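A.B. asks: Here's the letter readout for the chains.
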Amino acid sequence: MVKDERDLTRKESKLVMAYMYVAFIALFIGATCGLLQTLERSGKFTLPSWLSYYQILTVHGVILGLVLTTFFILGFMMSAQMKTTGGYNKTELRLGWIGYWIILAGTVMASIMILLNEATVLFTFYAPLQAHAIFYIGLALVIVGSWVIGFIIFKRHARFRKENPGVRTPLLSYMAVITMLMWQIASIGVAVTVLFQMLPWALGWVDTIDVLLSRTLFWYFGHPLVYFWLLPAYMMWYAIMPKIIGGKIFSDSLARFTFILLLLFSIPVGFHHQLTEPGIDPFWKYMQVILTFLVVIPSMMTAFSMFATFEIRGRELGAKGLLGWFKKMPWGDVRFLAPFIGMVFFIPGGAGGIINASNQMNQVIHNTIWVTGHFHLTAATVVMLTFFGITYWLIPSLTGRTLTPAMNKLGIWQTIFWTVGMTIMSTAMHWQGLLGGPRRSAYSSYAGNTDTAVWDAYQIAQAVGGSILFIGMILMIIIFVNLSFFAPKGYTAYPIAELHDAAEETPKVFENWKIWIGVLVGLILFAYTLPLIDIIQNAPPGAKGFKFW
Amino acid sequence: MNMHKYEKIWMLFGSLTLLIFLVVVGISAFYMGNNPPSCAVTLDPENVREQEPFTEPGLKQIGDNEYQLTIVTSAFDFDVGNPDKVVEIPKGATVHVVSTTTDVVHGFEIAGTNVNMMLEPGYISTLTYTFKHAGSFTLLCNEYCGVGHHLMTATIEVVE
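Residue numbers (my numbering), protein chains in the order written: chain S, 64 to 612; chain D, 33 to 192.
Hints should not be assumed to be uniformly reliable.
FRET-style restraints, in silico, Cβ to Cβ [stated by the list, open to error]:
| no. | chain 1 | residue 1 | chain 2 | residue 2 | range |
| --- | --- | --- | --- | --- | --- |
| 1 | S | I580 | D | Q93 | 50 to 60 Å |
| 2 | D | D116 | S | F108 | 45 to 55 Å |
| 3 | S | W268 | D | V73 | 28 to 38 Å |
| 4 | S | K218 | D | N34 | 43 to 53 Å |
| 5 | D | N34 | S | E379 | 14 to 24 Å |
| 6 | D | I41 | S | V269 | 56 to 66 Å |
| 7 | S | L114 | D | M35 | 50 to 60 Å |
Below are the PhoX-like pairs computed for lysine-lysine, each with C-alpha atoms no more than 25 Å apart in a straight line [said to hold, decoys possible]:
| no. | chain 1 | residue 1 | chain 2 | residue 2 |
| --- | --- | --- | --- | --- |
| 8 | S | K571 | D | K40 |
| 9 | D | K164 | S | K311 |
| 10 | D | K37 | D | K92 |
| 11 | D | K164 | D | K117 |
| 12 | D | K37 | S | K571 |
| 13 | S | K552 | S | K218 |
| 14 | D | K37 | S | K383 |
| 15 | S | K153 | S | K74 |
| 16 | S | K311 | D | K37 |
| 17 | S | K311 | S | K218 |
| 18 | S | K571 | S | K218 |
| 19 | S | K225 | S | K552 |
| 20 | S | K74 | S | K311 |
| 21 | S | K383 | D | K40 |
| 22 | S | K153 | S | K77 |
| 23 | S | K472 | S | K306 |
| 24 | S | K472 | S | K577 |
| 25 | S | K552 | S | K306 |
For the record, the hints were derived by calculation from the structure and aren't laboratory data. Bear in mind that the values here come from a model prediction, so they are computed numbers and not experimental data. Ideal Cβ placement from N, Cα and C applies to all residues, glycine included.
In isolation and in its complexed conformation, chain D is listed as follows (with noise of 0.2 Å):
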């Protein structure tokens, strides 16, 4: 099979940009640990409330300057430990978040961040954030859960 000479060309320009765009998303996420979130740590759906640390959802001072924040996500709640559902985290604190779902697949996003992840029964889902810019973030179900899907909401308050 023979290939024009301008294809060639055309096909090794492309072959070498995609082989660049591979190592730098291979860099990232093993040498510089951006993978996406992939805990695998399993819970038993059925009684994730006493299970910790969802025993006492909310958000919990774990070291200086460091934070965990427990979420027990349900249709069409997200319990944050307190029911205005605003959780105040200081400016710059480095949160390990914690969820898990308690009956279907949810998402877990709060806008304007890169805290988006998966929550799926009898898995929990961990990501770590470090909250850089004061003001409000809402928290919200980004996969369809049912009826009230547009109505799971919360709020993140990062203050200075």
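Bound conformation, chain S alone (with noise of 0.2 Å):
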């Protein structure tokens, strides 16, 4: 197979770069419209008449929460499998160009049913607002093309395993299997509300829906949802990381430990987002909140990991003493500077995240903006901040270019401005949160109280940090547009770490599906079963769809 001057194969490439293209045009349309709430919400300017607030926080929330992040983690995913276990067959690419299509198919027509305004439902489409049936086709879609390219890469790990009796899988392939059983077991949840009742009943052969249901399955799928979007992080993390500072990864099977447990924690837990609703027993409220918190010893793990490879690396630079690391590390090189910087974010973010899903501290800050800082500083700083990392190799690396120094300076320019914009908007959000300023709320002076007078500072400092995010949004397109089209032809390597030589052997256990898929079903069985029961037993009457937009 002739490689030119790529890792993966031209075909392979343009495959990847096809995912890649929608996932930054998602980016510029999405943080547009970031830009534009967070003016809004300053009260000190207003949207032109036929724009509504509501409308561009839905296109805001779809086409980042569920465009960007699902075309970029699939293409990143497929890259790092074809990469490490020596690429994809015939079969393997007709299939990535299949999902696509139907991916990218649902995402069109969703999108054209919130530009005419039929979906103005935000990205959790909870019922009883009601959105024309097209909406939800093109949601059914999105998730069923998702499912073809897991099936791509359950099936390309398994070909691996039987091709090579005896040898460790690759360790970003056991990765994106973990990332993709997840996804395909969570995304069943919201597949059966949006089919089977929230299609029906906007086609009209329904009158009502159970809305406690729905939002059931919704969050059974929607806390995994967040974790789709992290594991693809940690990936980068503990297998790519290493090797862009010139070290080795530290334990290959406490990585994958890790991942097993993030496997099992994601997925019986969504009640957590629930906890102030009515119909739903405190005890089992309690049972998932002790469940959610469990992530805590996967997300420890990872953070001992990480500092272990820097600080061996450090030393191994000369580097004395408990910090002297900190000094050995490459600053200048925006591949390791962006990511690290989403790192540090997921300490905040991770307290943020304990807050949210105490039972009691909850109740504070439940649909407040508090709520809207904490994901902007886990997935749109943790998250974006390492695919911005990936970036930076991964479309020279398909493209056959190289990131120029220019180009390096550019992207640490991005990283600061990013930096800073997400600093002052998410610090301004808690702030207003604990306040009680709610979010997903166009600018209101309420009943013209004090209480929520005070919130007008703190949403004039979300659009100053909103307006510098946009400017960083704006270099990160320059750099894609540069290393698809523009940069100097070259050859980029796909970066993957190697283990250290401490490492030991990875126990075989971890390859054996049979017994976590297993103990995942329980556990879900076990978190579920008797809530849904009384849910469906216990329903009121159904609720009829309503238009409020």
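Build the complex from these two chains, which are given one at a time in their own frames, with help from the hints.
C.D. replies: Right, here's the structure in full:
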């Protein structure tokens, strides 16, 4: 196979790039909407009458939370598997394109409905707000298309094991399998509510919908959705970051074990998004709070592994003392800097997450703009800065080009703009949330009382942060276009870290999928069976659909 | 699978912290009664105003320094029983808030207090709160419900 100047074949590169183009177009549209939202809510600007705040908010959420992430993640994971397993065959590539067109068709259908103002239901599309049926069909297609990609990833991993008996499977391929396993099992929930509840109801085949059941199915999916964003970032941290700093993977077994724990504790936890809802028994809320918090363990293992990798590498380079390694890190290399800042933001992000999922503290911040601040730390900073960090080598590696020092420098500016903008915006959101400011709301002076008047200053700060972020987004688009079409031709390696010499044999049990799927299904049945029976048996009369926009 | 000694210490520290934290949350929830609002009482969302207690929204004294505040919520209105949308509550009074929605999902939040719950069609949401500080508090909707979502509001005046 001729590889010319790339690590992946031309056909493989073309497929992955198709995913990346959509991802970055989505970034441009979504972040532009974000800017408009912060400006509107500052109270200093008004949107034109034909454009509603909630319509652009729907675009922002759908296109960044669902489109950008899904396309980037699927493209990245396929590329990592192509690189580490020895490439995709014809069937796998063809399926990759089929999945692509299905997801894209679904995205276009949903987008048209949003633009026609037929689906201003935000990206959580809570019933009984009722969008156009085509919106729901579009969402279903996005899910089905992603299942095709999951199937390819499972198939390629199995093919590697068959063709290389007794050989340890590539770490990145293993992690991609876990990520997609979680995704497939979780997205069954949203598929069920969209196909069997919302679609028949939007088409007028049934008059009413069981709102609590649909919310419960949504959140069965909704929390794993955020791990679906996070796990690919972890893949980069564990298996690629060590190579960028010139070091090695701390431990293959621990990395795999972390992913298994994340798989197990990602799904049976949706109730922590529904703590303030009537209709769910407090005992089951608390059970799922416990399961939610078990994620602390793999998170702490990750933090340990990362800093161990940095410190070992720092000492190899001659660092002394407790924190001497810090000076030895390649700060001028944007491929390191962007994901590293992402990691640092995971500390306040994780702490905020613990507050959100706690029975009592949740009541203080539930549905306030604190929550928006929280996931702009985790998703929009931790995950996005890591994805940007991936972009700097993934795109040139796919297009047979190189990252020039000038682009590296621009990337460092991009990282600074993103970090500063997000710090200002997210801090203001957290504070305003503690004072009670609601999320997902256009500018309002409410009843004119002084308690809500103090929020204006925070909203202006959010607009300042949002404007800085917009500049950061434009820089990122410039870099992406440069790396795709204009950067000088040349070879860029797809970085894959090797194992540390001291790392040991990986236990075979990690590849025993029956055990892990069995445990996961057991946990899900434990956490959801009784509450679901309860919810269905005690259901009130169903709700009719409403279009209040 | 071998773990580094430092990693074992780190994990032990993490697990213990987690355990303590969960015990605190659990005791607070079940022993001290600080559970999130979870009143599983249902009603027909089609004719809310014909069902008790929503036939008569507003503040009603039900005991010594104890009140029930009934509010019918709909897009984009909190019906607190008067057109001014102001409820006067004596400082220090214990108030049982009872609300439901006649249409879509709404949020029910009194800013600056822990009164924060979801309203879903077909369910009654309840929460008990003691207003210890005097002043004006704003009741607002914190779950997107349509174009007028940010205009839903009422005022709670806590008076000496």
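A.B. asks: K153 of chain S and K74 of chain S: Cα distance at most 25 Å?
C.D. replies: holds (10 Å)
A.B. asks: Taken at face value, is the distance from the CA of K577 of chain S to the CA of K472 of chain S at most 25 Å?
C.D. replies: Status violated; Cα separation ~48 Å.
A.B. asks: K164 of chain D and K311 of chain S: Cα distance at most 25 Å?
C.D. replies: violated (58 Å)
A.B. asks: Please verify whether K37 of chain D and K92 of chain D have alpha carbons no more than 25 Å apart.
C.D. replies: violated (63 Å)
A.B. asks: Between the alpha carbons of K225 of chain S and K552 of chain S, is the straight-line distance 25 Å or under?
C.D. replies: Since the Cα atoms of K225 of chain S and K552 of chain S sit roughly 37 Å apart, the hinted pair is violated (cutoff 25 Å).
A.B. asks: Tell me if the beta carbons of N34 of chain D and E379 of chain S are separated by a distance inside 14 to 24 Å.
C.D. replies: holds (21 Å)
A.B. asks: Is it true that the C-beta distance of W268 of chain S to V73 of chain D lies inside 28 to 38 Å, as the hint says?
C.D. replies: Distance hint for W268 of chain S, V73 of chain D holds at roughly 30 Å.
A.B. asks: If you draw a straight line from the CA of K37 of chain D to the CA of K383 of chain S, is it 25 Å or shorter?
C.D. replies: OK: K37 of chain D and K383 of chain S at ~20 Å, within 25 Å.
A.B. asks: Does K218 of chain S sit within 25 Å of K552 of chain S, going by the straight-line distance between their CA atoms?
C.D. replies: With Cα atoms ~33 Å apart, K552 of chain S and K218 of chain S exceed 25 Å; violated.
A.B. asks: Quickly compare the C-alpha distance for K571 of chain S and K218 of chain S to 25 Å and report which way the hint goes.
C.D. replies: Holds, at about 19 Å.
A.B. asks: K164 of chain D and K117 of chain D: Cα distance at most 25 Å?
C.D. replies: Holds, at about 21 Å.
A.B. asks: Taking 25 Å as the top limit, are the C-alpha atoms of K571 of chain S and K40 of chain D close enough?
C.D. replies: The given pair, whose Cα atoms are some 22 Å apart, holds under the 25 Å limit.
Hint compliance for this structure: hints 2, 4, 9, 10, 13, 17, 19, 20 and 24 are not met, and every other hint is.
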